[in-house]
Structure formats: C-alpha cells, structure tokens
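Number of protein chains: 4
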Amino acid sequence: MKMLPIAAAVVLAFSVSAPVFANSSVVNTNITESEVLAAQKAWGEALVSISTTYEKQGHAAAKQLAEKVIDSAYGYKYGPVLFKPTLTVAPQTFRTTREGALAYFVGSDPAFPKDTGFALKGWRNVEIKNAAIYITGDVATTMGNVMITDKTGKVTTVDKTWKFRKTDDGKLVIVVHHSSLPFTPQ
Amino acid sequence: MKMLPIAAAVVLAFSVSAPVFANSSVVNTNITESEVLAAQKAWGEALVSISTTYEKQGHAAAKQLAEKVIDSAYGYKYGPVLFKPTLTVAPQTFRTTREGALAYFVGSDPAFPKDTGFALKGWRNVEIKNAAIYITGDVATTMGNVMITDKTGKVTTVDKTWKFRKTDDGKLVIVVHHSSLPFTPQ
Amino acid sequence: MKMLPIAAAVVLAFSVSAPVFANSSVVNTNITESEVLAAQKAWGEALVSISTTYEKQGHAAAKQLAEKVIDSAYGYKYGPVLFKPTLTVAPQTFRTTREGALAYFVGSDPAFPKDTGFALKGWRNVEIKNAAIYITGDVATTMGNVMITDKTGKVTTVDKTWKFRKTDDGKLVIVVHHSSLPFTPQ
Amino acid sequence: MKMLPIAAAVVLAFSVSAPVFANSSVVNTNITESEVLAAQKAWGEALVSISTTYEKQGHAAAKQLAEKVIDSAYGYKYGPVLFKPTLTVAPQTFRTTREGALAYFVGSDPAFPKDTGFALKGWRNVEIKNAAIYITGDVATTMGNVMITDKTGKVTTVDKTWKFRKTDDGKLVIVVHHSSLPFTPQ
Numbered sequence: 004m005k006m007l008p009i010a011a012a013v014v015l016a017f018s019v020s021a022p023v024f025a026n027s028s029v030v031n032t033n034i035t036e037s038e039v040l041a042a043q044k045a046w047g048e049a050l051v052s053i054s055t056t057y058e059k060q061g062h063a064a065a066k067q068l069a070e071k072v073i074d075s076a077y078g079y080k081y082g083p084v085l086f087k088p089t090l091t092v093a094p095q096t097f098r099t100t101r102e103g104a105l106a107y108f109v110g111s112d113p114a115f116p117k118d119t120g121f122a123l124k125g126w127r128n129v130e131i132k133n134a135a136i137y138i139t140g141d142v143a144t145t146m147g148n149v150m151i152t153d154k155t156g157k158v159t160t161v162d163k164t165w166k167f168r169k170t171d172d173g174k175l176v177i178v179v180h181h182s183s184l185p186f187t188p189q
Numbered sequence: 004m005k006m007l008p009i010a011a012a013v014v015l016a017f018s019v020s021a022p023v024f025a026n027s028s029v030v031n032t033n034i035t036e037s038e039v040l041a042a043q044k045a046w047g048e049a050l051v052s053i054s055t056t057y058e059k060q061g062h063a064a065a066k067q068l069a070e071k072v073i074d075s076a077y078g079y080k081y082g083p084v085l086f087k088p089t090l091t092v093a094p095q096t097f098r099t100t101r102e103g104a105l106a107y108f109v110g111s112d113p114a115f116p117k118d119t120g121f122a123l124k125g126w127r128n129v130e131i132k133n134a135a136i137y138i139t140g141d142v143a144t145t146m147g148n149v150m151i152t153d154k155t156g157k158v159t160t161v162d163k164t165w166k167f168r169k170t171d172d173g174k175l176v177i178v179v180h181h182s183s184l185p186f187t188p189q
Numbered sequence: 004m005k006m007l008p009i010a011a012a013v014v015l016a017f018s019v020s021a022p023v024f025a026n027s028s029v030v031n032t033n034i035t036e037s038e039v040l041a042a043q044k045a046w047g048e049a050l051v052s053i054s055t056t057y058e059k060q061g062h063a064a065a066k067q068l069a070e071k072v073i074d075s076a077y078g079y080k081y082g083p084v085l086f087k088p089t090l091t092v093a094p095q096t097f098r099t100t101r102e103g104a105l106a107y108f109v110g111s112d113p114a115f116p117k118d119t120g121f122a123l124k125g126w127r128n129v130e131i132k133n134a135a136i137y138i139t140g141d142v143a144t145t146m147g148n149v150m151i152t153d154k155t156g157k158v159t160t161v162d163k164t165w166k167f168r169k170t171d172d173g174k175l176v177i178v179v180h181h182s183s184l185p186f187t188p189q
Numbered sequence: 004m005k006m007l008p009i010a011a012a013v014v015l016a017f018s019v020s021a022p023v024f025a026n027s028s029v030v031n032t033n034i035t036e037s038e039v040l041a042a043q044k045a046w047g048e049a050l051v052s053i054s055t056t057y058e059k060q061g062h063a064a065a066k067q068l069a070e071k072v073i074d075s076a077y078g079y080k081y082g083p084v085l086f087k088p089t090l091t092v093a094p095q096t097f098r099t100t101r102e103g104a105l106a107y108f109v110g111s112d113p114a115f116p117k118d119t120g121f122a123l124k125g126w127r128n129v130e131i132k133n134a135a136i137y138i139t140g141d142v143a144t145t146m147g148n149v150m151i152t153d154k155t156g157k158v159t160t161v162d163k164t165w166k167f168r169k170t171d172d173g174k175l176v177i178v179v180h181h182s183s184l185p186f187t188p189q
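Chains as they are written, first to last, in our numbering: chain V, 4 to 189; chain B, 4 to 189; chain Z, 4 to 189; chain L, 4 to 189.
In isolation and in its complexed conformation, chain V is listed as follows (with noise of 0.2 Å):
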C-alpha cells in the first residue's frame, strides 16, 4: 500500500473510476436522471395513446385506458398528488385526487362540470425540453417547457414542472405536476 498524505488520500476519494465489486450485493433507493427522463417520455407517449384510443375507441376505451395512465404513472395510491394542470380553473383548480384527475383527462364527469377532456384533444407527439432537473434520494423534480403537437400540426407550449419519485417496485410516479400556459403581457 502507497502511503498517501490525507490531503492526497481525501483527494482520491472523489476522481477514482466505479471499480469491479465481485463479492457483494447493493440495495439503492435512488432515483436517477435516465429514470427521469423515460418517465417523462412514457407520460408524453401515454398522452398520445388516450388521445388515438379515443379516435378510433371511442370514450369508455380512452376512459379506461385514461385509469391505467393515472395508475401507473401517477402517485395517487400513496396520497394525494400535487397537480396543478394546465386548463384547470377555480374552484377545482387543484386535482389532488384520481378522480380529479381522471376528469381532467377525460371529462364527463358531473362532478368537474367545466372539465372537456384535455387527452381527448387529437394529440400527436409530446416533446419535452428540460431546463433543469433536481434530483435527491427516491425523488426528483424536472422544470421545463413541453411542446404538444396536434394533429392539425399545431404546437402548444407549456411550462411544467414535474416531481417523480421512484417507489418500493421500482416503478417512477408523479406526484407533484405543475402545468401553465406561458404568461402574455397584456
């Protein structure tokens, strides 16, 4: 063994390259940014699958599928979910539960009167734009601009910001979902 002075020794702690670990096993709870990003890019994919399903479907198959989406991919069975969506107005402007959320997506539903279905809209590809991501332990948050196209060819712009955690399956929900139209200076 080399003898290091500490200073050198500390040093090393921080530049040496992942070594080859034979003889044991890891557990780590973590969230990375790879995770992240294919959470993000399945959401934009589901988005465009509720859409086509309700084209060539009809209502109850987007509906449905609408329930997979909020399941799988939101955190709703752990508590209530932060999410803020786009065209949500006062009072219900907060849908921190399934069924608000599954409204939001869907509509029809009495109990969110001015909800049209905002997965139904002909949405044909979902691109996302990441300004930055902060990541710590099992959660992580991504703010960025997600451009939305239809299938007139028209592009939406939103700004959101998104907070995924990875939970005990190893599975990424969102549980925080903030989404805006930019702001137009009047």
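To be clear, the hints were calculated from the coordinates, so they are not data collected in a lab.
Please note that a few of the clues may not be correct.
[Claimed, not checked] When the alpha-carbon atoms are kept at most 25 Å apart in a straight line, the in silico DMTMM-like pairs for lysine to aspartate or glutamate are as follows:
no.: 1; chain 1: V; residue 1: K71; chain 2: L; residue 2: D171
no.: 2; chain 1: L; residue 1: K132; chain 2: Z; residue 2: D172
no.: 3; chain 1: L; residue 1: K71; chain 2: V; residue 2: D171
no.: 4; chain 1: B; residue 1: K80; chain 2: Z; residue 2: D172
no.: 5; chain 1: B; residue 1: K174; chain 2: L; residue 2: D74
no.: 6; chain 1: L; residue 1: K80; chain 2: V; residue 2: E58
no.: 7; chain 1: L; residue 1: K124; chain 2: L; residue 2: D172
no.: 8; chain 1: L; residue 1: K132; chain 2: L; residue 2: D171
[Stated by the list, open to error] So the derived list for chain B, only partly shown, Cβ under 7 Å to chain V, looks like this:
no.: 9; residue: L85
no.: 10; residue: F97
no.: 11; residue: T99
no.: 12; residue: T100
no.: 13; residue: I131
no.: 14; residue: A134
no.: 15; residue: G140
no.: 16; residue: V142
no.: 17; residue: M150
no.: 18; residue: K166
no.: 19; residue: V176
no.: 20; residue: V179
no.: 21; residue: S183
no.: 22; residue: F186
no.: 23; residue: Q189
The structure presented is a predicted model; accordingly, all values stated were derived computationally and were not measured.
Positions of the beta carbon are idealized from the N, C-alpha and C atoms, including for glycine.
Go by the hints and put chains B, Z and L onto chain V.
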C-alpha cells in the same frame, strides 16, 4: 400583517422547538411541515419588505435587500434553482441563475430587458393557502394559492408550487418555484 | 411518434439508456456506490498514514494528522457520530464526540484512560471486503470485513459497519461506524 | 415486561398519531424518532415471544413465529439485509438472506450448522439504551446497548447498531443490524 424586518423574518422560519429526548442524542436532517410553513411565511414577509424598502429607501436599498433575500431564501449557491416566476416570458422564462432571479424581483438589468421588478409593485400582504404538501427527506413540495395584496387593496392570486430543501446548516432554501396566473378560459 | 400501447410505454420507461441531454443542468445530492468505495479506501489509507507518521515523526505529528482525518472523514461537526470502535469498553464504549474518537485513535487523553491509541499500532495495509451496501438518498451503509495488516505481517480482521453521508459540499463523512472483533465461541 | 402476542407487538410499532393539519393534506415519507423507538421495542418483544412460544409450543411454532417476525421486522423482501448477528462466525458471519436470519434465530438448518437458535435461549426481557440516533429521510440508524435478560435472570449486554427504513406502506423494517459482544481486554 406586521411589517417584519427581513432579519426577523428569516429567524422566524426556524423557530421550531426540538423534541425532548432524555437518554440519547439525535441527528435528524429531515424537513418538517412546520419548518415549511414558516419558510413560506418568511417568503411572503420578505416580498413585502422589498416593496416597502423600495418605497421608503429607493431602488438601491431594495435591490440590496432582494439580494439578501435571494441568497438566504433560494438555493442558488448549491446549483441551478428551478424557478419559473409568474410574469416571465420566453426565451427567458426559467430563471435558473441568481442573476435571473434578481432581475425578476427588482428589474433594471439590461440582460433581462422585459423585467420590471415584480417585488417593487407595492405589495402589502401575502396569504398562502396550500392544497397539499409532499415531504421526503430534506425536501418538501407545496402546491396551492398565494394571494398577494398591494397598497391599493387589489389582490392577485397565483397558483404556486414551491420545493424547499433543508441544508446542512438547518436552513430552508427554495430549490423549485413555479408560479403562474390562473388559467382564463377564452 | 409511434403509437405505443400503454403497457409498452410503461416498460419503455425503465429500459432506455441515458440519452444525451444538452440543454439542461442537473443537481443531484445522492451518494453513489463508487463514492462510497473511494471513501472506504481513503479511510484505510488514513489509518496507515497515522501509523507511519507516528513512527517517523512522533506522537504530536500523529495526533495532528488524526485530528485532520477525523475532521474530514467523520461527521462530528454536524452532530454526534454513532461510533463504536473495535476495542472500547463500558462505560466509554460509544464515542459520539470528536474528543472520544481522537482519544481512541491516538490515546494519551486522561479523560479516556483505557485508550492506548489504535491508530498507532504499526498498521501497514487495510483491505475491505463488503458483504453488502445499502444506499438511500445521501447516505449509504456498508457491512463487511476489514483486514488490517501491521508491520509484522499480522492480520487483524474485524466485522465493520459504516454509514457515510454526502454533505452539501459533496464530501462524504462517516456518521455511523460499528466495528467489532469476530465472535469467538467458548 | 408484559408478554405481548406478536400481533400486538407489531401493531405497537406504528401507533404514532398523525399531526392535525387543518387546511391541507400532507404526504410525509420520513421516519420519525418515535416510530424508531416503537420498532426497537417491538423487536425486543418479538424476541421474547419467540422464546416463550418455543417453551410452550415447541420448535415448529417458534420457527413459524420467527418467520413472521423476520418477514415483518426485516427488509429481506426489498433485497439483502446487512445483518451481523451477535454470535455468528466466518464464513457465515453476515446474514444477508432471509434463510440466514431464520437459521440464526431458531437453528436446525443444516446449511448453517453452527447456529443453535439465538431466539430460543429463554429470553424474558429486552431493554434498549440508545447512545444516539441518526435520521435521514426514510431511514434511521440507532446505536447503543441492548440488555437481554433470560429466565434465570442473567443479563447479556450487546453493542448494537440498527438501521430502520420506512417502506411505502408506512411500516418500519430493519435493513442493517450489527450486534456484537462487548470487547474484553485480554
């Protein structure tokens, strides 16, 4: 609302009493709900302080105070902050740097020509109504409405998401801040 | 964009490789396995350095180095460290203070009369064999054997648990350290 | 110490009341000190229950109870547990699998020939004296002495480190457990 000088407001944020624990000592890096509520309150008081400092002492004093507020209440010294202020527009929507945050609060920065100084607009009171809070480890995200009253009595309501992190010195800093005007149906 | 059924989209989320991500910056406070392994290695090197410094430069120099090692490698400045050294006995088994750790490493402290200076015992090499590692957020716990060889070639094996925490400045400190000689059946 | 059946002991561990919070709902994945203390207490009660079950109902019943205890009190279903029991020896010192833990507690497993069943040794009371506790996020590490009294009144004291993790269902499981007899100077 009482006008607290900023020093007092900052102290307020961390005035939670520690639990008695007779037979051992405890290190706990977690953030608590009461710390979060105090930090929200301190943010509102700081905003009002910048407004009143501007009116009584002018722009230079207001800018100096805003710098102090940003340095103590936001986490820019740890890296980019995910900050989407209420009134910013593309291509400068996201203010991930300290300079961008300062320009938003007090304006007069040629690098951010559209900023007119949000904190200078005569604010007198800030009220916070959380829809829900999500706490994991040393971070907590809040979502809800913030009602800001100006000196004419006019109230501006915004939809706001904040994520606070408790740093190693036990202070809370904002690491995510998404603020938006309520959606207005056409 | 391809129309993926939702099941496929969800699978996608956890099977993609990290994409290049030009336009954003990332803050990540999590600890990694390679950081942990490097910190373990640095601990071993520091122990050997104290031994050789003692032999070449005497006790004062060894003590000074031990103080530097403790201050950089252990988390005493953040609160009590859960340190159960290999050779301590009741009622001073647990060394939750910096003073207790220093006494253990270099002895000569009247407040800890049974300490003879563990780090002064002619150590030449440290080998670490982890049984497993458990990572959550900014902390990671390792458990396994540490084999310490002295200048006569004699190897001492201990059962060791370490918990490291990554602080706000990105450095790793030991916050838990339980070391024990293997059980010897009577 | 009262003899609680294991079901009651397990319930005990999670009987902390939630704080009242009028105007919002809160998700909090963090572990608390009182949860940790309750989980420690439940561990002690479970150990005593296995001993008394063995005496009254025989080995099969004790083994069945031990399996329940391991499944509810340890985190083996999430991956390896870093378990160094008091009395194990190389090359089977570390019990990172459920099988290894069960063999340690009740013996009679040919794969672990030196295990005689630690939990069967007539335990009547467990007292825990923490030196310190270290809490980050959903994990907490305790270090201190555990005094175990058997039916003859003899007290065995061990140095013990436990790390608990709060899982998504709000339960605490042990993910690290390092137990050792006090060092005996020659």
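Problem set entry | 25 Å Cα cutoff - pair L:K71, V:D171 | holds, 20 Å
Exercise. Was the hint right that B:V176 lines chain V, CB cutoff 7 Å?
Worked result: At 11 Å from the nearest chain V Cβ, B:V176 fails the 7 Å test, so the hint is violated.
For this session: Would you mind confirming whether the straight-line C-alpha gap from L:K80 to V:E58 stays at or under 25 Å?
Result: violated, 43 Å
Exercise. At a threshold of 7 Å, is the proposed contact between B:G140 and chain V supported by beta-carbon distances?
Worked result: With a minimum Cβ separation of about 5 Å from chain V (threshold 7 Å), the hint on B:G140 holds.
Exercise. Are the Cα atoms of L:K124 and L:D172 separated by 25 Å or less?
Worked result: This hinted pair is violated, its Cα atoms lying about 33 Å apart.
Exercise. Is the shortest C-beta separation between B:F97 and chain V less than 7 Å?
Worked result: holds, 4 Å
Exercise. With 7 Å as the cut and Cβ atoms as the points, is B:S183 at the interface with chain V?
Worked result: With a closest approach of 3 Å, the B:S183 hint holds.
Exercise. Can the restraint linking B:K174 and L:D74 be considered satisfied, given a maximum Cα separation of 25 Å?
Worked result: Since the Cα atoms of B:K174 and L:D74 sit roughly 38 Å apart, the hinted pair is violated (cutoff 25 Å).
Problem set entry | Hinted contact B:K166 with chain V - closest CB pair below 7 Å | With a minimum Cβ separation of about 6 Å from chain V (threshold 7 Å), the hint on B:K166 holds.
Exercise. Holds or violated: is there a CB of chain V closer than 7 Å to the CB of B:M150?
Worked result: violated, 11 Å
Exercise. Quick one, are V:K71 and L:D171 close enough, alpha carbons at most 25 Å?
Worked result: holds, 20 Å
Exercise. Regarding the pair B:K80 and Z:D172, is the alpha-carbon distance no greater than 25 Å?
Worked result: holds, 10 Å
In this structure, the earlier hints numbered 2, 5, 6, 7, 8, 12, 13, 17, 19, 23 are contradicted, and the remaining ones agree with it.
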